[in-house]
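Asks: Given next are the chains, with one letter for each unit.
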Amino acid sequence: EPEVTQTPSHQVTQMGQEVILRCVPISNHLYFYWYRQILGQKVEFLVSFYNNEISEKSEIFDDQFSVERPDGSNFTLKIRSTKLEDSAMYFCARESVNTGELFFGEGSRLTVL
Amino acid sequence: EDKVVQSPLSLVVHEGDTVTLNCSYEVTNFRSLLWYKQEKKAPTFLFMLTSSGIEKKSGRLSSILDKKELFSILNITATQTGDSAVYLCAPQRGGYNKLIFGAGTRLAVHP
Numbered sequence: 115e116p117e118v119t120q121t122p123s124h125q126v127t128q129m130g131q132e133v134i135l136r137c138v139p140i141s142n143h144l145y146f147y148w149y150r151q152i153l154g155q156k157v158e159f160l161v162s163f164y165n166n167e168i169s170e171k172s173e174i175f176d177d178q179f180s181v182e183r184p185d186g187s188n189f190t191l192k193i194r195s196t197k198l199e200d201s202a203m204y205f206c207a208r209e210s211v212n213t214g215e216l217f218f219g220e221g222s223r224l225t226v227l
Numbered sequence: 625e626d627k628v629v630q631s632p633l634s635l636v637v638h639e640g641d642t643v644t645l646n647c648s649y650e651v652t653n654f655r656s657l658l659w660y661k662q663e664k665k666a667p668t669f670l671f672m673l674t675s676s677g678i679e680k681k682s683g684r685l686s687s688i689l690d691k692k693e694l695f696s697i698l699n700i701t702a703t704q705t706g707d708s709a710v711y712l713c714a715p716q717r718g719g720y721n722k723l724i725f726g727a728g729t730r731l732a733v734h735p
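So the sequence lines, in the order shown, correspond to chains A and B. For the first sequence, the tail end lands on 227 under our numbering, and the numbers increase by one without skipping. For the second sequence, the tail end lands on 735 under our numbering, and the numbers increase by one without skipping.
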């Protein structure tokens, strides 16, 4: 059973459209992260979210991006107006409170046409 | 600027061989170093190393950290075809625990 569940597994969208990627942690945790991986490139940090607030964000995480935890369970990443270069795998990750180990979800593949 | 260098970039071995993967890093406010295995999709957690010189083991995999020389190694003994993957090294910064990933070592194990 995965540590976190991500939906959708794959989304295809037109440039300029808004997308929402969702992450459902199996158990209750305080620290969550979004990372992305463009095909053939490194895994890159986007944002960390602690206690329902953004704690750190990268320079990639500009005004087009936002994160929310709307119902205390789901954790969403919204891209307001997608660009071709947003095409990537987006991974949600949660940190174990006890050990600090970081576990990744299966990822959401975003394809922007 | 934070820097993570993994070597070799790729490696081809035969089943039964032993491999050593290297990771050197320069990371501000270093907290720990994590190793992941990435096959088709998501990175799967292997080890988290916080202290120098203490080897962590899981089956045929082991890893150790040297905080003075700023590197870590991942060893895989008696390799199997199922070990074929990209192995990612990710030092973690303290504070909000951000991971900085290396480019990975692509390991191919042939029968």
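No wet-lab data here; the hints were simulated from the structure. Take the hints with a grain of salt, since some may be wrong.
[Stated by the list, open to error] With a Cα cut of at most 27 Å, we get these calculated DSS-like pairs of lysine-lysine:
no., chain 1, residue 1, chain 2, residue 2
1, A, Lys171, A, Lys156
2, B, Lys692, B, Lys661
3, A, Lys171, B, Lys681
4, A, Lys197, B, Lys692
Asks: If a hint holds in the structure, say so; if it does not, say that too.
Replies: Okay, the hints, checked on the actual structure:
1. Lys171/A with Lys156/A: With Cα atoms ~17 Å apart, lysine 171/A and lysine 156/A stay inside 27 Å; holds.
2. Lys692/B with Lys661/B: Distance of about 25 Å is within 27 Å: holds.
3. Lys171/A with Lys681/B: Distance of about 33 Å is beyond 27 Å: violated.
4. Lys197/A with Lys692/B: Roughly 43 Å separates the two Cα atoms, so the pair is violated.
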